[in-house]
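Peer 1: Spelled out, the chains give:
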Amino acid sequence: MKSKPTVLYDVPGPRARRRNLLWTLLFLIALAAVVWWVVASLAEKNQLEWDKWAPFFTDARVWETYILPALKNTVIAAALAMVLALPLGAFLGISRLSEHRWVRGAAGTVVEFFRAIPVLILMLFADAAYSEFTDISPDVRPLYAVVTGLVLYNASVLAEVVRAGILSLPSGQTDAAKAIGMRKGQTMAYVLLPQSVTAMLPALVSQLVVIVKDTALGGAMLGFSELLASVRPMSANYGANTIACFTVVAVIFVALNFALTTFASWLEGRLRRGKKSTGAVVGVEAVEELATPGEHMGPTDKA
Amino acid sequence: MFDFLQGYDLLGAFWVTVQLTVYSAIGSLIWGTLLAAMRVSPVPLMRGFGTAYVNVVRNIPLTVIIVFTSLGLFQTLGVSLGADRFTTINFRLAVLGLTAYTSAFVCEAVRSGINTVPLGQVEAARAIGLSFPQVLRIIVLPQAFRSVVGPLASVLIALTKNTTVAAAIGVAEAALLMREMIENEAQLILISAIFALGFLCLTLPTGLLLGWVAKKVAVKR
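Protein chains in written order, with full-length UniProt numbering: chain F, 1 to 303; chain P, 1 to 221.
Hints listed in this document are in silico derivations from the structure and should not be mistaken for laboratory results. Just so it is clear, CB atoms sit at the ideal spot from N, CA and C, and this is done for glycine as well. Mixed in with the good hints there might be a few duds.
To be verified - Here are the simulated distance ranges between beta carbons:
(1) P:PRO118 - F:THR58: 16 to 24 Å
(2) F:GLU132 - P:LEU81: 51 to 59 Å
(3) P:VAL213 - F:GLY223: 14 to 22 Å
(4) F:ARG101 - P:LEU77: 55 to 63 Å
What the hints assert, rightly or not - Partial chain F-side listing against chain P, Cβ under 8 Å, derived:
(5) VAL34
(6) ILE121
(7) ALA129
(8) ALA220
(9) VAL249
(10) PHE258
(11) THR261
Here chain F stands alone, though its shape is the one from the complex (with noise of 0.2 Å):
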């Protein structure tokens, strides 16, 4: 989204200068107390004493033993995830648009069904299933059953993505294809697809920040062993140092989504001001309406 300069107050004149700044100082007062009622409380606690944060910046064993094979199970399981979500999300997504209405309804159901479903869920279902079903050993098990849920969720999510990319594009399109003749796969194998997957790569990379964000749930109830995973073992063995093992986990999340985050809206500057695509292109807003289920009406990007 870009900042255009706000038409909410006028450029600020003597009394308005004296007034925001009677509010900046409100405000610092009571962002003070909060940040000092804060300190306060992990100073009573312990939480501040340095031995508590310098493994993390003195001791490497840390990073080596805990850290980052956790981020690697994270990275990992987020990767596979969307990978797999990816294909099975193009196949229903185009299934969707199809002409035959048994094809149309049946895709319809199973994204319906799974968007609806709140990821743990699955996870757990998943998780049951592969040790009732399978014989997959233990030690991965929660690595499929995290994966599972993920592409499961993402796949339907991914699969209105998909609709919605194809469907930006301008009919013109569709009508050129015809009159050189081609035939429907062939139109949407050659002409709608691989324009629309330029038009939804930066919603496909905001995606990727959900999917790794819901790994995390693994770490908590399938004892997948990601960053989230990570503090227990870290706290026990570095004095009970929770709040240095959470703030410095958290901040490597928030490092790692910031990241995607900007790329995606990045991506999508870059697409909407391209001169080659059509122009069409699916936000990385769009993505959270998306992953709601119930009624769509069509595109609701269009640029």
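Assemble chain P onto chain F, guided by the hints.
Peer 2: Frame of chain F; chain P shown alone:
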């Protein structure tokens, strides 16, 4: 075949899910709107705070926030939010975590609604001498809220699904009961179907109803 359900409080668990959703929804609507007002305010410090809050909180997994409220806030710092029973404490901590997280999304939704109000209206409001709080309260927010019913509905449904994360700190809601039942009973498919159906009943009608309301109240431009 449904005999085993006797031993479990299925409706009770879903009732906790609904309560978590309602309390967190109210909380995040208030805090999220305040954040949105900060983000568009003329005071740079408030704008900075709003932006920082949204960008940080949105990128932390909700699970990390919820587990932090239990391990960090309660067990380490002794924050119990005025409750003394363990279940009440966890429930309130979960509402706090869900509110803190969902507010960031409410803020973004409200802000996108503020952006839909035509510039001319705001200029006109300022021209007749309304101040910034008045412009926001009388002209902008009423229209903004009508245009964000749709996005807010998405946030509400996401919140409903996110309440399952409270299971991570032992709040007795649907996901926790599901895990318990899966462990104790040999009825995996049936149990999962029941919980899937439960969430379908919660989220699908909300989506359809609020989608209809959104179309109904949208400001025609």
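Peer 1: Could you work out which of the previously given hints the structure breaks and list their numbers from low to high?
Peer 2: Of the numbered hints given earlier, those the structure breaks are 1, 2, 3 and 5, listed in rising order.
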